[in-house]
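Asker: Using the hints, build the complex out of the two chains.
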Amino acid sequence: MAFIDIRTIDKFYGSFQALSEVSLSIPKGAFVTLLGPSGSGKTTLLKILAGFEGVSAGQILLDGRDITALKPEARNFGLVFQGYALFPHMSVFDNIAYPLKVRRKGRGEIAARVEAMLDLVQLRPFARRKPQELSGGQQQRVALARALVFQPDLLLLDEPMSALDKKLRVDLQDQLRDIHQRLGTTFINVTHDQEEAMHMSDRIAVMNLGRIEQYDMAHTLYRRPASRFVADFVGKSNIFAGTVEGGAFATEEFRMALPADGARPGAAELVIRPEDIRLGAAVAGDVVLAGSVAASTYSGDRALYSIALPGGRVMLTYGSARDGALEPGAPVQIAFDARDGILI
Amino acid sequence: MSRAIFWVSTVLALLFLVVPLALVMPLAFNGSSFLTYPMEGFSLKWFEEVFTEGNWVRAFGNSLKVALGTTAVALVIGGLAATGLMLTGRWLQIVLTGLFVSPMIVPSIVIGVAFAYSFGRMGLSGSYAGLVLSHSILAAPLVFLSILTSLRGLDPDLDLAAASLGASRGQRFRHVTLPLAAPGFAAGALFAFTTSFDEVVVALFVASPDSLTLPVALFAGLRDRLQPTLVVVALLLSLISFAFLWLMARLQRLNAPQKP
Ligand SMILES: Nc1ncnc2c1ncn2[C@@H]1O[C@H](COP(=O)(O)OP(=O)(O)O)[C@@H](O)[C@H]1O
Ligand SMILES: [Mg+2]
Numbered sequence: 001m002a003f004i005d006i007r008t009i010d011k012f013y014g015s016f017q018a019l020s021e022v023s024l025s026i027p028k029g030a031f032v033t034l035l036g037p038s039g040s041g042k043t044t045l046l047k048i049l050a051g052f053e054g055v056s057a058g059q060i061l062l063d064g065r066d067i068t069a070l071k072p073e074a075r076n077f078g079l080v081f082q083g084y085a086l087f088p089h090m091s092v093f094d095n096i097a098y099p100l101k102v103r104r105k106g107r108g109e110i111a112a113r114v115e116a117m118l119d120l121v122q123l124r125p126f127a128r129r130k131p132q133e134l135s136g137g138q139q140q141r142v143a144l145a146r147a148l149v150f151q152p153d154l155l156l157l158d159e160p161m162s163a164l165d166k167k168l169r170v171d172l173q174d175q176l177r178d179i180h181q182r183l184g185t186t187f188i189n190v191t192h193d194q195e196e197a198m199h200m201s202d203r204i205a206v207m208n209l210g211r212i213e214q215y216d217m218a219h220t221l222y223r224r225p226a227s228r229f230v231a232d233f234v235g236k237s238n239i240f241a242g243t244v245e246g247g248a249f250a251t252e253e254f255r256m257a258l259p260a261d262g263a264r265p266g267a268a269e270l271v272i273r274p275e276d277i278r279l280g281a282a283v284a285g286d287v288v289l290a291g292s293v294a295a296s297t298y299s300g301d302r303a304l305y306s307i308a309l310p311g312g313r314v315m316l317t318y319g320s321a322r323d324g325a326l327e328p329g330a331p332v333q334i335a336f337d338a339r340d341g342i343l344i
Numbered sequence: 001m002s003r004a005i006f007w008v009s010t011v012l013a014l015l016f017l018v019v020p021l022a023l024v025m026p027l028a029f030n031g032s033s034f035l036t037y038p039m040e041g042f043s044l045k046w047f048e049e050v051f052t053e054g055n056w057v058r059a060f061g062n063s064l065k066v067a068l069g070t071t072a073v074a075l076v077i078g079g080l081a082a083t084g085l086m087l088t089g090r091w092l093q094i095v096l097t098g099l100f101v102s103p104m105i106v107p108s109i110v111i112g113v114a115f116a117y118s119f120g121r122m123g124l125s126g127s128y129a130g131l132v133l134s135h136s137i138l139a140a141p142l143v144f145l146s147i148l149t150s151l152r153g154l155d156p157d158l159d160l161a162a163a164s165l166g167a168s169r170g171q172r173f174r175h176v177t178l179p180l181a182a183p184g185f186a187a188g189a190l191f192a193f194t195t196s197f198d199e200v201v202v203a204l205f206v207a208s209p210d211s212l213t214l215p216v217a218l219f220a221g222l223r224d225r226l227q228p229t230l231v232v233v234a235l236l237l238s239l240i241s242f243a244f245l246w247l248m249a250r251l252q253r254l255n256a257p258q259k260p
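As given, the protein sequences belong to chains A and B, one line each in that order.
Just so we're aligned: 114 in my numbering is position 114 of the first sequence, and the numbers increase by one with no gaps anywhere.
Just so we're aligned: 180 in my numbering is position 180 of the second sequence, and the numbers increase by one with no gaps anywhere.
Keep in mind that the hints were calculated from the coordinates and are not lab data.
Heads up, some of the hints might be wrong.
Said to hold, decoys possible - One side only, chain B facing chain A, incomplete, derived with CB under 10 Å:
| # | residue |
| --- | --- |
| 1 | 53 |
| 2 | 54 |
| 3 | 163 |
Claimed, not checked - Now the in silico label distances, taken between C-beta atoms and shown as ranges:
| # | chain 1 | residue 1 | chain 2 | residue 2 | range |
| --- | --- | --- | --- | --- | --- |
| 4 | B | 121 | A | 10 | 57 to 63 Å |
| 5 | A | 13 | B | 182 | 33 to 39 Å |
| 6 | A | 124 | B | 128 | 54 to 60 Å |
| 7 | A | 56 | B | 244 | 51 to 57 Å |
| 8 | B | 246 | A | 133 | 27 to 33 Å |
| 9 | A | 133 | B | 129 | 46 to 52 Å |
| 10 | B | 250 | A | 56 | 47 to 53 Å |
| 11 | A | 13 | B | 208 | 57 to 63 Å |
| 12 | B | 106 | A | 13 | 38 to 44 Å |
| 13 | B | 182 | A | 64 | 52 to 58 Å |
| 14 | B | 84 | A | 224 | 53 to 59 Å |
| 15 | B | 149 | A | 10 | 34 to 40 Å |
Said to hold, decoys possible - In silico contact screen, one side only, chain A against chain B (beta carbon under 8 Å); selected entries:
| # | residue |
| --- | --- |
| 16 | 73 |
| 17 | 77 |
| 18 | 79 |
| 19 | 83 |
| 20 | 85 |
| 21 | 87 |
| 22 | 99 |
| 23 | 102 |
| 24 | 104 |
| 25 | 107 |
| 26 | 150 |
| 27 | 215 |
Everything numeric in this text was worked out from a predicted model, so none of it was measured.
In this text, a Cβ means the ideal position worked out from N, Cα and C, and glycines have one as well.
Extracted from the complex, chain B is given alone in its bound form (with noise of 0.2 Å):
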């Protein structure tokens, strides 16, 4: 009985999930231009005109352009608060925490309109390093996480095997922490790119027409002309993502405890 509850809510919430995207998705291959169903035949067209057209182009990359500076930036910053975090004693590590990861706390709206007015007063209203600072504060939080966690799991005598050793503290973390918490960083970097990479709400209120991202097009493509162009740039985020995560399920079978 219990089991069959299961099933029925596991099949109920998948298909509350996945239909909305399954039946737009193939509009993606409408012969004609209108977002609407029947199709009328099946074309590659759409594909065609993202690919060529500047506009779309452009976009993506810039998107990939920011997703990487975040990455790069967020992995330094939660990588030094993760690192310098185990350093200290419990009860500042119980603040400090709290501090890192209050952006994942605070409306991303309140963040956007917090930047838009900051970085128009400082003339980095629409730039690249613009985008890429905001985009690392959503991050830093999560790459934060990822690599505390992976740092907490590591065997405290390594350390101090390695100090006993003769290895200075730099050596140590070269040669014993960062390979064993390299997982963390890489779950992390992760992370930082798929924030980034289809973030909307900061993105609006700080990016130029020419630093626009893929999402911020999407959205204003979507008030603009309705196409199956829109449809096509959503498959292949959702690609991207999808890439992403099986990416992630990867390095978390790698970063399991292997039995001998």
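Next up, chain A with everything else stripped away, as it sits in the complex (with noise of 0.2 Å):
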């Protein structure tokens, strides 16, 4: 049975509809991502998950307990806040105490549960420092500590690597990971950034105007997207529009044979994940298509192509790049296999 059950819940901000049946169900200790673009309702179902937002119809069971109208400080669950929310006042020392306190722990009982969060967080020389003499990574570890030391049943994390730069969020991904890990919490983490998404996730659900489009693991998500707008948002996609019709898909550019035979005849749409075109050979039985360089981005261990067809629709594709990258408007040829493409 699902530790966290969301049951189709709807959210109503006067007439605008923040989430329209949301149901997601939740094993105990997995680590689930929320992913969207902003404004699609990720911190909306986290204030709802939190208590500091009623619903609008559905239920939360924890458990296989209801526990929609339960207040916030009744919940036990932690929650890392997106600008981390630390009490200026305090010391990192008390914030982390601070949930200890309002619990009535001992005195000797908080100190070594203090202590133990400041080590698995690696703060403990910084214990007496106010959170502004702290870094913005720092902060957000404090923040992390604070919402794990009373060991909450279920931990919320919302864009808490967003106001960090790249390598440090790469680092607190790691470190966010490994916690998780070790410690065996449930955490439900909200961000825009697929690339953070895949990384830490055992599940993502992808949201998109208050509806949750597809909640899979991160290699379902990526090889057979649900929808145009999970194969758009999460990774890198040439997405063409055409028609199935008798066993093949047709595009202004080309035609090809399906290899299954369950695509029903209509309008549909063709993805090609880029990794999966080849850039100047072909092997028997691929669609095949000529164009020209029209921009490319030089990585180091690869190139990004951008390619542009007769037709004017430019195609995204990798190419090794040890000889220095193609100059623009080089004529050349790519080619794919029809069992990699997928169709929506």
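Answerer: Next comes the structure, spelled out in structure tokens:
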């Protein structure tokens, strides 16, 4: 049975619907990420889980118990805010000790547990500092320690990395994943960064316009996107609009036989990932197209090319860049296997 | 050119404000018993008279008691009003703010007459409690506004964070809201004290000869006998006000966000 069961939640702000029929079930100890663009309703869902907002319809169950109407202070959920929300008048130690103090724990127990948390997030030397005297990454770790010290049933994180620079972000992602594995607490993380989501989570719920578009493992999300939105938002992709007819998919540029026969006739879209496209080489049975290099982004290990096709469409693909990137304007041939395409 | 205009107008304004005070103040040290120039020698005897004469000392004591009582009552009223207001919706906030600050708009002579009349019927005329109550009505809006400003400046996520960490509403108020809004409460207390301490109009209506406050005694003395003691009292009142102004400025500096 699911540990957290979110059942068909609707949320209205006046006449604006911020969430529509959101359902998720989350097993105990999982690391789930809510991924979506800004305004897709991620924070709203997190606030409902934390108890700061009520629902317009639907239920939340924790271990089978209905907690939809429970006050935030009675939920025992940890929460890491986007801006960290550390108490500026308390030291790092007192910030982390706060949840234990309101639970009336003894001084000895508080000291021992706060110190264990300080070790976990590697901030022991900073215990006496005020939050303002720490860097962004350190503040974020204090917020994390404070939200975990009382052993919450669930940890909610609202874009915890968004204020940090890229290098630090990757370090903290590793640390966060490590802490999750060590503690075994259930984590729900919110982000608009698909790399972060892929890097850390067991499962990802992709949100768009207040709905969950797809809830799956990262690999499934990437290889089998359920909608055009997911294909577009998660990873880079080339999307062809066309029609399915008589076991084949046809667009302006090409026509190809479909491998599986399950495809329904009618309008459809075909997604080809850039890494599935062969640049300059072709294997028997490939769809082969000719074009020219429109732009290239060289990144040392490889280059990302935009290839312009005669019809005006631009395709993304990677190429080896050992001898430097191809010049813009160079004529090239691209090819891909129809079986690598994803029909949606 | 515009700098010159700025300086000339600043200096003129300062002269206008300061010269009358500067002209009167030395008379506190006059050797003779007249409030006129030229001064006849230097003397501290008027200070001595103020400090030893029962009436002035009693009036000062009354003022102090009333101002402290007003501070306490206005802090509770204004503090509750501001804290409660933060929990209501936007439209109710606008309406309630208007109601809470209305004593600032009503002329104090109207408030004085109203209190004199209603206290008379309630048997509070001339009492210490009556004075404190009427001054609290004048001071509460100032306390309310300064605490409200402080509360509005708080990050709302701090309260949510404390709630998610398990703190009840009361614990959140004591541990998070109150300490962070403390400068607002302190400024409100100072406002309340000074408002009451130099208030004349309402006190004229409400005070009795026994509960006479310093400004009212000064006002009465002005009609009775023009003596340098009046200037001494005025000087002392001004010094106390300056002290409070200075305290307020210190507080504001504390309240300003600290750069890490
Ligand atoms: N308190 C509110 N009142 C009205 N609309 C809101 C409120 N909170 C959020 N919204 C709207 O709900 C939508 C989803 O917001 P949010 O959950 O914050 O998105 P995200 O966190 O994914 O960026 C947005 O369009 C936002 O404008
Ligand atoms: Mg958000």
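Asker: Evaluate each hint against the coordinates.
Answerer: Comparing the hints with the structure gives:
no. : hint                      : in the structure
1   : 53                        : 48 Å, violated
2   : 54                        : 47 Å, violated
3   : 163                       : 4 Å, holds
4   : B/121 / A/10: 57 to 63 Å  : 58 Å, holds
5   : A/13 / B/182: 33 to 39 Å  : 34 Å, holds
6   : A/124 / B/128: 54 to 60 Å : 57 Å, holds
7   : A/56 / B/244: 51 to 57 Å  : 52 Å, holds
8   : B/246 / A/133: 27 to 33 Å : 30 Å, holds
9   : A/133 / B/129: 46 to 52 Å : 49 Å, holds
10  : B/250 / A/56: 47 to 53 Å  : 50 Å, holds
11  : A/13 / B/208: 57 to 63 Å  : 58 Å, holds
12  : B/106 / A/13: 38 to 44 Å  : 39 Å, holds
13  : B/182 / A/64: 52 to 58 Å  : 45 Å, violated
14  : B/84 / A/224: 53 to 59 Å  : 54 Å, holds
15  : B/149 / A/10: 34 to 40 Å  : 38 Å, holds
16  : 73                        : 5 Å, holds
17  : 77                        : 6 Å, holds
18  : 79                        : 4 Å, holds
19  : 83                        : 6 Å, holds
20  : 85                        : 4 Å, holds
21  : 87                        : 6 Å, holds
22  : 99                        : 4 Å, holds
23  : 102                       : 5 Å, holds
24  : 104                       : 10 Å, violated
25  : 107                       : 17 Å, violated
26  : 150                       : 7 Å, holds
27  : 215                       : 25 Å, violated
The structure fails to meet hints 1, 2, 13, 24, 25, 27 from the earlier list, while all remaining hints are met.
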